[in-house]
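Given the sequences, and given the hints that come with them, work out the whole structure.
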Amino acid sequence: MPLKPGLKVKQTQRLILTPAMRQSIKILQMSALDLSDLIQRELDENPLLTAEPNYSQGEKADLQIALDTIPNHQSLAETLHSQIGLMAAPEKTKAIAYYLAGNLTDDGYLIENLDDLASNFSITYNQAETALGLLQACDPCGIGARDLPECLGLQMAAIGETAENRAIVLEHLHLFSQTDMSALSRKTGRSKRELQRLKAVLTNLNPTPGRQHKPEANHALVADILVSENASGFSIESNNSTTPSLTVDTSSLTALRSKDQDAIDFLNLHKLRANNLIRAIEARSTMLIRIVKTIVARQHRFFTDGHAYLIPMTQANLAADLAVHPSTVARALTNKSLACSFGAFPLSFFFTSGINSVDGKSTLSAYVVQQKIRKIIATETARDVLSDLMITTLLRNSGVDITRRTVAKYRQCLKVSSSAQRRKSKRFL
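Under this note's numbering, the first residue of the sequence shown is numbered 7, with each subsequent residue one higher.
Fair warning: there could be bad hints in the mix.
[Claimed, not checked] Dumping the calculated DMTMM-like pairs for lysine to aspartate or glutamate here, alpha-carbon to alpha-carbon at most 25 Å:
1) Lys100 <-> Asp43
2) Lys415 <-> Glu386
3) Lys32 <-> Asp43
4) Lys198 <-> Asp186
5) Lys98 <-> Glu58
6) Lys100 <-> Glu386
7) Lys100 <-> Asp112
8) Lys32 <-> Glu243
9) Lys299 <-> Asp40
10) Lys98 <-> Asp122
11) Lys381 <-> Glu84
12) Lys381 <-> Asp407
13) Lys378 <-> Asp390
14) Lys98 <-> Asp390
15) Lys415 <-> Asp145
16) Lys421 <-> Asp43
17) Lys415 <-> Glu135
[As the list claims (entries may be wrong)] Simulated restraints, written as ranges between beta carbons of each label pair:
18) Glu170 <-> Thr320: 35 to 43 Å
19) Ser234 <-> Asp153: 41 to 49 Å
20) Asp407 <-> Glu288: 25 to 33 Å
21) Leu39 <-> Ala237: 39 to 47 Å
22) Glu135 <-> Gly91: 16 to 24 Å
23) Asp40 <-> Glu118: 42 to 50 Å
24) Ala329 <-> Phe127: 55 to 63 Å
25) Leu39 <-> Leu179: 35 to 43 Å
26) Thr320 <-> Leu179: 33 to 41 Å
27) Ser241 <-> Thr369: 38 to 46 Å
28) Val330 <-> Phe127: 25 to 33 Å
29) Ala269 <-> Phe348: 53 to 61 Å
30) Ser238 <-> Ser42: 28 to 36 Å
FYI, nobody ran anything at the bench for these hints, they're computed from the structure.
Note that CB positions come from ideal geometry on N, CA and C, so glycine has one too.
As structure tokens, this is what we get:
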């Protein structure tokens, strides 16, 4: 049968994102300060949009108490120096790390060549690497990287992504920007679902970890959500200081008596634009409160008793609890934080894998186990450097069901060198 060109009508259904939906997704991903900037731009451009402060005097006092728990802004170098000073390392190594901390770009990257550093300080290349390891163990994660792949790799390691996953992301960064994962799936042999998960992880990474400490951005950290304990449990509220109460002033439309259709269309367009913005901000606030309520419910003992009681939780757990898609959770967590009685925390802090206890009756978060490893290594002396196997034995004796391989992975996440390298460094210094 010969082929002939022709026209055929076919009815299909597919989801198309409207401009309002796109704006809502964009606003959901914004930090509090980015949202504040957007609102100010809209107020400048939209004649129908008006704003008033969104909190009472009592709320101001409560907000100030919450924000007083957050340290005043420091320069990047000051922040890093204070962290390095608390590390268990030889003073000479710390001194080199201090020097490196003072020679970073505004984005937090190291431009100093380690060969030149070793030559200038009359040290070995391994010693220079050890000092860099101290710097890269600091917060914000990714600081002290020498290029973008290393920066992203440090952050992926810190959240427990395997070396294989890190390699896939860093070797194919350009392909992760595409919507269709088919080509990447063929190259890597990974499923599209797993690649979408890695893409969500990549989206939450910070390519410029030092940017928040730039002098021109010398503002106080403002949390998106405030968590406070009361007699009946916990109060969870939006930090309204960053988002004024927005309303649409329709008096211009009402007062318009002329038949100037262009003027009417102009005002109607800005009315729609203002209403869409208000709805998107309300949806963002509602989603963040739902997320933090779930976090507080799951991590109740963390908020009452401290860091040692952080339990394992994944973004998939949260998405299931909220009955939303994991990508929605990933967007909502981006650049968001909460403030509670003992500090401010990025929402991503609460998501970590877990390790079972030896008796199988409880589970410890990866963060808690990593801190146990950090404390064990901090007790080492030049004559008593612990191997990963010895650390594994100590942890198992304390009730943590962990393998040597996992200890090695967590040690690497902490940017702590191997026992052989630590022994060599301690003997030399």
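Results of checking the hints against the structure:
no. : hint                          : verdict
1   : Lys100 <-> Asp43              : violated (39 Å)
2   : Lys415 <-> Glu386             : holds (19 Å)
3   : Lys32 <-> Asp43               : holds (14 Å)
4   : Lys198 <-> Asp186             : holds (9 Å)
5   : Lys98 <-> Glu58               : violated (55 Å)
6   : Lys100 <-> Glu386             : holds (16 Å)
7   : Lys100 <-> Asp112             : holds (21 Å)
8   : Lys32 <-> Glu243              : holds (22 Å)
9   : Lys299 <-> Asp40              : holds (23 Å)
10  : Lys98 <-> Asp122              : holds (17 Å)
11  : Lys381 <-> Glu84              : holds (24 Å)
12  : Lys381 <-> Asp407             : holds (18 Å)
13  : Lys378 <-> Asp390             : holds (18 Å)
14  : Lys98 <-> Asp390              : holds (20 Å)
15  : Lys415 <-> Asp145             : holds (19 Å)
16  : Lys421 <-> Asp43              : violated (36 Å)
17  : Lys415 <-> Glu135             : holds (19 Å)
18  : Glu170 <-> Thr320: 35 to 43 Å : violated (19 Å)
19  : Ser234 <-> Asp153: 41 to 49 Å : holds (42 Å)
20  : Asp407 <-> Glu288: 25 to 33 Å : violated (45 Å)
21  : Leu39 <-> Ala237: 39 to 47 Å  : violated (33 Å)
22  : Glu135 <-> Gly91: 16 to 24 Å  : holds (20 Å)
23  : Asp40 <-> Glu118: 42 to 50 Å  : violated (31 Å)
24  : Ala329 <-> Phe127: 55 to 63 Å : holds (57 Å)
25  : Leu39 <-> Leu179: 35 to 43 Å  : violated (27 Å)
26  : Thr320 <-> Leu179: 33 to 41 Å : violated (24 Å)
27  : Ser241 <-> Thr369: 38 to 46 Å : violated (28 Å)
28  : Val330 <-> Phe127: 25 to 33 Å : violated (52 Å)
29  : Ala269 <-> Phe348: 53 to 61 Å : holds (55 Å)
30  : Ser238 <-> Ser42: 28 to 36 Å  : holds (31 Å)
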